[in-house]
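J.: Residues per chain, in single letters:
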Amino acid sequence: MSTIHIRGGRVIDPAQGLDATLDVWLHDRKVLAVGREAPANARPDEVIDAAGLVVCPGLIDCHVHLREPGNEEDETIATGADAALAGGVTTVACMPNTLPPLDTPAGVEYIVLQAKRAKKCNVYPVGAVSKGRTGGELAELGRLVEAGAVAFTDDGAPVANPALMKRALQYASMFNKVIMQHCQVMELTEGGVMNGGFQSMRLGIPGMPPEAEDIMVARDIRLAEVTGGRLHIQHISTARAVELVREGKRRGVRVTAEACPHHFTLTDDRLESFDSHFKMNPPLRTKADVDAVIEGLVDGTIEVLATDHAPHAPEKKARELNLAPFGIIGLETLVPLVVTHLIGPGLLDWPAAIRMLTAAPAELLGLHHRKGSLRPGMDADVTILDPDARWTIDPERSRSKSRNTPFAGWEVVGRAHTVIVNGEVRYRLGPEA
Amino acid sequence: MSTPPAPTGEAPSPAATPSWTRRHLLGLEDLSAGEITAILDTADSFAEVSDRPRKKVPALQGKVVFNLFFENSTRTRTSFSLAAKRLSADVQDFAASTSSLSKGESFIDTARNIEAMGCDVMIIRHSISGAPQLLSKHVRSSVINAGDGAHEHPTQGLLDLMTIRRKKGRIEGLTVGLVGDIAHSRVARSNIWGLTKLGAKVILCGPPTLVPRGFEALGCEVAHHLDEVLPRLDVVNVLRIQFERQQKGLFPSVSEYFYFYGMTRERLERSKPDLLLLAPGPINRGVELTPEVADGPNSAILDQVTNGLAVRMAVLYLVSGRGPGASKAE
Amino acid sequence: MARAESRLFGSDELGALLDRVARQVAEGRIPGVPLLLVGIRTRGVPIADRLAALIGDGVPVGAVDITLYRDDLGLQGHWPVLKGTDIPFEVDGAEVVLVDDVLHTGRTVRAAMNAVCDLGRPARVRLAVLVDRGGHELPIRADYAGAAVAASPEERIEVRLRPIDPDDEVVRVGPAPC
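Protein chains in written order, with full-length UniProt numbering: chain H, 1 to 433; chain Z, 1 to 330; chain P, 1 to 178.
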């Protein structure tokens, strides 16, 4: 029943429209107060001096792969949740493409249990849309909700069959849960390794053309429109897909979208190194796509930032490009890439960026009554960021089990300083880091 | 968002001095016109060795050359082996199918094991684009790309250049047609880089499924009807059609392909009389060209094979000649 | 920093040396056996050309590039640029006279002998040089020499010939200044 007093920081809480130098008091796992005057009964056990720092609701990443159960050589719930803390993330939603996939209440409960044991950040499972993630028939979505699933996806693969997608959108709306879709028409990307376009042509690497994403985004927006279901476009990467979401929202479709740091910082010419650290799905696209993703973030078409943290053990990534798996780790590089490449150049202001990392993903996952804001009574998850910390990304210092990042050696600004989960300080930036 | 240059070796020397300082030959895209010319000049002086009664020089005595073929190619492997032997190197073949790779050993581990036995040059053929680049980052040996995926086949490109230069006396100013499956062809890419760097005009020709929109950006002209461009060509390089492309539906049938793109006597009659005909082989007679064209006076198909040996000797010689400091440079 | 240079033979004297070598070669040839002059690249080639002109009789001249046969290949910084061997006639049963400017260690001659013998089986191989400067490191001597010059190991004896060089001359180049 400890009390923490966070003193003198720049408190940014977009859910309340707050951006001011204020104090925050946490008590008994909840936010007690935010203001200038101490609450009458507050006797802090710890005072954190946050002068010069940004204090915000704990960051939420709605798209991570924790690999447990099944691929513990890549990551475990404990190591992934620890990497989240080091990145300033207090809550993650983990994808169901584990072995076995999270398509049963037992599987979902296992995640909840392992996360409790690890006692790092909060972990919410996302259930599979289809049994076995095979795209055949619906998993028991209702019982998965009761077991703790916060959303549904077959991520890693799309729900390819439009009839199944339509039923999933319909059925999940009964629980007001969102279907998160990995948009990719597989027939157009067969054998593909990188973005299909000039660079794949130049390098002779099999391509995954942008229309493979565009077509499914268009299809699913229409399905969301006719069903009234909630659709979330994962890791949006093409200019056309951004335009389709923008246009869908204009029509009132319940569609949201997330963007990942690599899709607003990197382009497909990086593949000329044939380095598998630049191989992810969706692939790195062109400069025009990167510009469109950034524009989508700026105008609010894309309202969520997520990492698609996809750890793979080094021996799996150190293979020929076609044989190496897709994906990169991202939890520890999220904040610095957002600060350095979106806030720094003035594309987003701090409150807009923090909203995409707090209130917006909380709303998406249906956690907004407990998380994503510092209103009194909310869960005491707080991220304190040093907005001016300059550092160099070093994969060897990652807390993830894996090292697969394309950002090694990047000079960045902005870093998690202190991370509080459930009223406990779970991470402090050490002098050695 | 600038990209660091691929670590293909040391910086090229000024074009004025045709010297060679690279440790690897990974592709022609990386090379300057001067470097390509240096290889061709060296190959010209090696051509004579194959005409001798004793077809061997001691230049690479004591060097060990490994053929790492993760994809079958008897011709290319034989040509490299013979080239290495003519330079007095010891040559060892390593065929992936008969090796531990089938037992799950990684490609890099395999290469490191081979290097532990003592190796100076690794010649690699792989079905995946970029495998030679990956290898070059993990071994101390020189790496020669003998074809990777649809990326590059630099020695094939060089032997095509050498054949054109010897037959036509020049490359600059010539119009060269590449006909066939450009999209999936490493030979096409190496030809495109080599020819355009040396000042030739390149016309890519094939159906849009095999020559899709966008190849113009590589500095080429794109055409879909061979008969329209054929009269302009000084050289035509007829690429091999892989039958699995037809099975994947990239063109409707072999006979329709032959109807539009096959090199026949009739087409030859409508070409420049001194049209030089190249084909990287192995050729499918009756698919890309008729037997009478393949064996006719315009064909330089067998010269390509002979020149391939000289080019590979030149490349082996040049990558082996890097200075003693070169291996420390990385 | 230029090295100290002193001229040993001028243009006229060099002509006399060539005359002398040409006479020796002509007198030494085996009757009835074809004679071939093979210049060792680079300066052996123009010397062979001039000797052939002096000998007359349409003696053919070839060129040998010994790069691929060097025993110090790979010891220098970079591989030398190949200039190619060009001996467009039969060496089998012929008398081959290797021609070079200066005989020093004999290693170049050793490489040239190997190169020529890879082309066939000559009846006899002889060596003609303009200057023998001593310092042999192999059991090789000149059969025909224009002049013998004593030189210390640090010195270089350079033969300069038109059209490669501006003038015909033989110079002694001193050791590099410290």
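Treat the hints as calculated values from the structure; they're not laboratory data. Bear in mind the structure is a predicted one, so any value in this text is a computation, not a measurement. Incorrect hints may appear among the rest.
[Stated by the list, open to error] Taking lysine-lysine and the DSS-like style, the derived pairs with C-alpha atoms no more than 27 Å apart in a straight line are:
#	chain 1	residue 1	chain 2	residue 2
1	P	K83	Z	K85
2	P	K83	Z	K55
3	Z	K201	Z	K168
[Unchecked claim] Stretch by stretch, here's where chain Z covers chain P in the computed footprint (C-beta under 8 Å, at least three residues):
#	stretch
4	31-38
5	135-143
6	156-163
[To be verified] From chain Z, some residues computed to sit far from chain P (all C-beta separations above 12 Å):
#	residue
7	S45
8	R54
9	K197
10	Y259
11	T306
Ideal Cβ placement from N, Cα and C applies to all residues, glycine included.
J.: Determine which of the earlier numbered hints do not hold for this structure and return their numbers in increasing order.
T.: 4, 5, 6, 7 and 8
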